[in-house]
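Given only the sequences and the hints, what does the whole structure look like? Please build it.
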Amino acid sequence: MCLLNLFVSNENAESILGDLFEEFSALASGAGVVSARRWFWRQSLRTLASQFSVNFRFAPASLFGSVLAGFLLLRFGGGLSEKVIFAVLHRFPIYPNHWNAYVFWISDGLLIGRVFESIFVGCLVALVSKRRELPATTALGLAQFLYTGVLYFAALLWNGFDSRSIFEQSLSLLINAVAILVGGIIVKEIRVARSHHSATA
Amino acid sequence: MNKRDFLGEFEHIVLLALLRLGDRAYGVSVRQEIEARTKRDVSFGAIYATLDRLEAKGYVNSTLGDPTPQRGGRSKRFFTVTAQGTAAINRTHRVLLKMTRGLGLSRSLS
Numbered sequence: 708m709c710l711l712n713l714f715v716s717n718e719n720a721e722s723i724l725g726d727l728f729e730e731f732s733a734l735a736s737g738a739g740v741v742s743a744r745r746w747f748w749r750q751s752l753r754t755l756a757s758q759f760s761v762n763f764r765f766a767p768a769s770l771f772g773s774v775l776a777g778f779l780l781l782r783f784g785g786g787l788s789e790k791v792i793f794a795v796l797h798r799f800p801i802y803p804n805h806w807n808a809y810v811f812w813i814s815d816g817l818l819i820g821r822v823f824e825s826i827f828v829g830c831l832v833a834l835v836s837k838r839r840e841l842p843a844t845t846a847l848g849l850a851q852f853l854y855t856g857v858l859y860f861a862a863l864l865w866n867g868f869d870s871r872s873i874f875e876q877s878l879s880l881l882i883n884a885v886a887i888l889v890g891g892i893i894v895k896e897i898r899v900a901r902s903h904h905s906a907t908a
Numbered sequence: 003m004n005k006r007d008f009l010g011e012f013e014h015i016v017l018l019a020l021l022r023l024g025d026r027a028y029g030v031s032v033r034q035e036i037e038a039r040t041k042r043d044v045s046f047g048a049i050y051a052t053l054d055r056l057e058a059k060g061y062v063n064s065t066l067g068d069p070t071p072q073r074g075g076r077s078k079r080f081f082t083v084t085a086q087g088t089a090a091i092n093r094t095h096r097v098l099l100k101m102t103r104g105l106g107l108s109r110s111l112s
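Here the protein sequences come in this chain order: A and B.
Going by our numbering, the first sequence opens with residue 708, and the numbers climb by one from there.
Going by our numbering, the second sequence opens with residue 3, and the numbers climb by one from there.
You can take every hint at face value.
Here are the in silico distance ranges between beta carbons for each label pair:
1. A:R744 <-> B:H95: 37 to 43 Å
2. B:D43 <-> A:E718: 23 to 29 Å
3. A:S905 <-> B:E57: 20 to 26 Å
4. B:R39 <-> A:L849: 33 to 39 Å
5. A:F860 <-> B:P71: 49 to 55 Å
6. A:F771 <-> B:D68: 38 to 44 Å
7. A:L775 <-> B:R93: 37 to 43 Å
For the record, the hints were derived by calculation from the structure and aren't laboratory data.
Don't be surprised by glycine CBs; every beta carbon is placed ideally from N, CA and C.
As structure tokens, this is what we get:
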């Protein structure tokens with residue numbers, strides 16, 4: 708239900724969820740709850756898939772444009788948080804008196820910075836995509852994950868495998884992809900809240 | 003004539019389902035009507051995506067009904083075919099008749 712609420716357009720969300728609920732209830736009382744649950748999951752996944760794909764079929768140019776712009780922003784504008792962190796560390800040298808804080812900022816701090824960059828780019832792409840926030844940010848997250856993953860694993864093949872490094876990098880790639888999606892969810896929720904507020908005002 | 007004036011296959015089926023259902027046409031009834039007549043299992047996502055397109059073209063109007071407990075307190079969205087929609091169905095149907103005339107196509111569902 709949560710996924711449907713996120714990916715289905717605002718105008719249809721209530722109707723589609725209501726329809727699913729109505730048919731599920733009718734099936735549960737007729738064919739049993741197990742059968743009704745199976746039907747519900749199948750219908751929900753198919754509904755998600757068709758709602759997702761319809762955005763690319765009927766507004767491909769604008770959607771691909773926003774995804775490409777987000778991808779290029781991450782490629783060429785990414786790393787800004789890293790520059791800021793190093794600039795601050797250079798301006799306010801905490802090494803060697805605060806060794807732990809220094810290590811935190813040059814390891815976890817950089818990762819946190821990249822996550823915030825991904826959320827920010829996700830918000831920008833969602834703003835530009837208007838009513839297609841989730842399809843656009845999902846596509847961007849997936850593209851970023853695959854692109855960075857391929858580059859990383861190509862480097863591993865060249866330099867040799869390290870299982871701990873693979874796990875950490877894969878987790879980092881996944882977290883950044885999810886962060887882009889989070890940016891889309893934030894913008895969508897703000898838009899929905901604003902439209903409810905103006906409808907009741 | 004603009005290519006938008008002719009209906010796609012699924013658009014055609016959905017509009018015909020709306021005509022059959024009259025003022026009872028909403029997501030569940032449309033899905034069940036299509037499934038019963040075409041033996042085709044369609045998703046709500048596909049139906050609503052098509053109805054949105056048809057509404058954007060002016061072929062369909064929608065109104066929100068009252069929320070009901072059977073739907074978890076959610077409203078139904080009822081759909082009706084407009085005069086433009088009826089004209090589009092007739093136009094597409096005439097074209098199909100012209101294209102199939104003399105071909106001796108079977109009337110069975112197989």
